[in-house]
Amino acid sequence: MSAARTTYREAVRAAIRAALLDDERVFLMGEDVGSYGGCFGVSKGLLEEFGPERIRDTPLSESGFTGAGIGAALGGMRPIVEIMTVNFSLLALDQIVNSAATIRHMSDGQFSVPLVIRMATGAGRQLAAQHSHSLESFYAHVPGIRVVAPATLEDARGMLPAALADPDPVVIFEHTSLYNLEGELAEDAGAVDLDRAAIRRPGRDVTLVTHGGSLAKTLAAAATLAEEGIEAEVIDLRSLRPLDDATIIASVSRTRRAVMVDEGWRTMSLAAELVTRIVEQAFYELDAPLARVCTAEVPIPYPAHLEQAALPSADKIVAAARRLTGG
Amino acid sequence: MSRADTELPGREEGLQLLRGMQRIRRFEDRAAELYSAMKIRGFLHLYNGQEAVAVGVLQALHEDDAVVATYREHGHALAAGLPMGEVMAELYGREQGSSGGRGGSMHIFDAEHRFYGGQAIVAGGLPLAVGLALADQMQHRPRVTACFFGEGAAAEGEFHEALNLAALWTLPVLFVCENNLYAMGTALGRSQAETDIHARAGGYGIESTALDGMDVVAVAAAARAAVTGIREDGKPRFLECHTYRFRAHSMFDAQLYRPREEIEAWKKRCPIMGLRQRLLAAELATEADFAALEQDIEAEVEAAVAFAEAGSWEPVEQLASHVMTEREA
Ligand SMILES: Cc1ncc(C[n+]2csc(CCOP(=O)(O)OP(=O)(O)O)c2C)c(N)n1
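First to last, the protein sequences are chains Y and W.
In case it helps, the working numbering puts the first sequence at residues 44 to 370.
In case it helps, the working numbering puts the second sequence at residues 372 to 700.
Think of the hints as simulated: they come from the structure by calculation, not from any bench.
Among the hints, erroneous ones may be present.
As the list claims (entries may be wrong) - Covered stretches of chain W (chain Y as the covering partner; in silico rule of three or more C-beta atoms under 8 Å from a C-beta of chain Y):
(1) 425 to 432
(2) 473 to 486
(3) 502 to 511
(4) 532 to 546
(5) 622 to 631
As the list claims (entries may be wrong) - Computed list of chain W residues with no C-beta within reach of chain Y, every gap over 12 Å:
(6) G560
(7) K638
(8) A663
(9) E680
Unchecked claim - Here are the simulated SDA-like cross-link-like pairs (lysine to any residue), alpha carbons at most 20 Å apart as the crow flies:
(10) K606/W - P95/Y
(11) K606/W - G682/W
(12) K606/W - K359/Y
(13) K359/Y - A339/Y
(14) K87/Y - A208/Y
As the structure is a prediction and not an experimental result, all values here were calculated from the model.
Here a beta-carbon is modelled for each residue, glycine too, at the ideal position from N, C-alpha and C.
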C-alpha cells in the first residue's frame, strides 16, 4: 500500500473533501470557511470545487449557525460546522449543550442530531488569554455528545468520516499546534474507530495518558525517560467522551504508575476524571500516587516564557514520571 | 388592525377555528386543575388568552411543514394535530406521552407531525428553525418551518442571529412572535429599546406584519398570506401577534408586575368570546352549536385525562436509553 507525504491540515481537508464527494447531504459551514479558505487554511480550495452552498461562509453568529447546523441535521442533512476555535465556541455552548445534546433523549429517541462540529483548541502560539483555551473538558462533561481529539495524521483523516457516519453529535477538537504536523499517510486511509484509546508507545514502568496537542510532548518525554532506563507507556485517549476505561486500566494495571498530561487547567479537569477512574477501578494495582501535569491556573499570558511556563512540557512530564518511579 | 377589518369566514371554518381554540382552553383549564391535584408537576406554562395565534397560524400549514415552539406549547401541539391524550400523558410524565414522558410540559416532540419541541431556552428554537429550513432548501423540498416565540426572545442574540441567517440565505421560515407584553414579570417597555418587534424584523429585510393576535380570523388571514408568500419566493416572513396571557407566567405568580385592570381589559378581548360573538352576530352559528361543540371537547379532554391516568411510568432501567443512539456491539 502506498503512502504519501502530507500534513495534518491536508489530512483534514482530504477528509472533508472525500465526505463532500461521497454524500450529497454533507456540507461545511462556519466563519471564513469559503473565500478565506478557513482560518487555519483547512478548507482552502473547497469553495472553488464545491460552491458556496456546500462550503458555506457564515456571519459571526456562533450560536446561530451552530443551531442552524443542528436544525439542518434534524432536517436530514449531514452538516460539518466549523467553529474557528474553542474560545468562540462559548457563544455556541447553549446550542451544543441545550439542543444538540438533549434532543434525542428528551424526544424519547424520535429525533437524533447527526451533526459534526470541528473546532481548533489550545495554546502555544502567543495569542494570550482569550485565544488559548483548552476547554475540551467542558464538552466531555456533557452526556449526549461524543468528543474526540485526533492527534495523528491517521486520525485527522479518519475521525471525520467516522463522526459523519455516527448518528449523534460529535465534537472534534483539532489542536492548533498539529495543523503543520507532517508525515506519511496511506493513500487509501479512511474512517477509523472512534471508541478506543491507542497505545502510541508501549512501556512497562509508568503510563502517561494524554490526548491531542500534548501527545508530541508526551512522546518526547517518554524518549527522554527511556534514556534513563524508565520505559513509559503512552496512551493517546483519542476519544474524550466516552473514555476508553479498558485500555487505560489495563495499562495502569501493568505499569502500576500513571501521569495524566492535559493542557486543560487542573481543577475539574479531564485529568481529574482520569485519576478518579483509575482510583475507582485499579486502586489496589497502584504502587505510587497518581500524578497530573496540567496547565497552571492562570489565564494564558502573552510573552513566550510565561506562556511556556504555564503549559505542560516534556520536562514537566519527565519530572513527574521520575518522581513516581523513584528516579 | 381592528376586528371589523377582517372578514369572517363561513360557518364551517368559523366553527373549526372556534373548536381549535376551545380545545386548547379546555385542555389547559383541566391541566391547571390537575396541577393543583399534583398529577402534573414541574413548570406548567399556560397559553390561556393566546389561543388565536397557534390556531390561526397552524391552520395555514401543510402536513409536511415543521413547527418549532417554546415551553408554552400545549396550544401549538394540539393545533398541529398531536393527539390530545398523548399531550396530556406527556404532562403527566407517562411513557405514552408525546416524548415518552421525558420532556413534560415544556418538551413536547412528535416526529410524525414534524413537531420539534418544546424548546425551553428562550430564543433557542430560532436557530433550529433556520436549520430545518436550510435542510429543506438544500434538498429542494417546498416546505415551511413555523417558529413561535415570545417578545422576550427578541432581546436575545439568537433572535438576531437567526433572523439575519434566514434573510441572508433566503430560508422558508415563518417567524411568529407572540407579543404578550411580558417576559415573566418584565414588561416589554422596561426591557427593550425598540418595542415594535416587527420593525426589527424589517431591519433584516424580512417582510413583517403586526396584527391583532386576539382575532383568530385576522391571524389566520395573515398566516395564509405569509405562508403563500414563503411558498412563492422562499423568503422568510415575520408575524408579530399582539396578544396577552390571562394567567400567571407559569402556574402561580403574584402578578405584581401588571395592574389588575389591565388583565381585565384584555380578558374582554378574549379570542374565544370574540369569535363566538361574531359568529352569532353574523348568524353563522347558534348557542346550540356552541353547546354541542363544548360537549364534544369536554369528552375529548376527559378521554385524554383518562388516557394519561391509565398510562405507565417508563421503567427506571431505561433511564439512559436514547442518550446516544444505540449501536450494535
Ligand atoms: C435563555 C433563557 N433565559 C431565561 C429563561 C427563564 N425564562 C423562561 S420564560 C422567560 C420569559 C420569556 O418571555 P417571552 O419570550 O416573552 O415568552 P412568554 O413566556 O411570554 O411566552 C424567562 C426569562 C430561559 N428559559 N431561557
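Consistency of the hints with the structure:
1. 425 to 432: It is violated, with 0 qualifying residues against the three required.
2. 473 to 486: Contact hint for the stretch 473 to 486 of chain W vs chain Y: holds, 6 residues under 8 Å.
3. 502 to 511: holds (count 8)
4. 532 to 546: n = 5 at 8 Å, threshold three: holds.
5. 622 to 631: Contact hint for the stretch 622 to 631 of chain W vs chain Y: violated, 0 residues under 8 Å.
6. G560: holds (26 Å)
7. K638: holds (34 Å)
8. A663: holds (36 Å)
9. E680: Non-interface label on E680/W holds, nearest chain Y Cβ at 20 Å vs cutoff 12 Å.
10. K606/W - P95/Y: Holds, at roughly 18 Å.
11. K606/W - G682/W: violated (43 Å)
12. K606/W - K359/Y: Violated. K606/W to K359/Y sits at ~58 Å, over the 20 Å cutoff.
13. K359/Y - A339/Y: holds (12 Å)
14. K87/Y - A208/Y: The hint is violated at about 24 Å.
The structure does not agree with the numbered hints 1, 5, 11, 12 and 14 stated previously, though it agrees with the rest.
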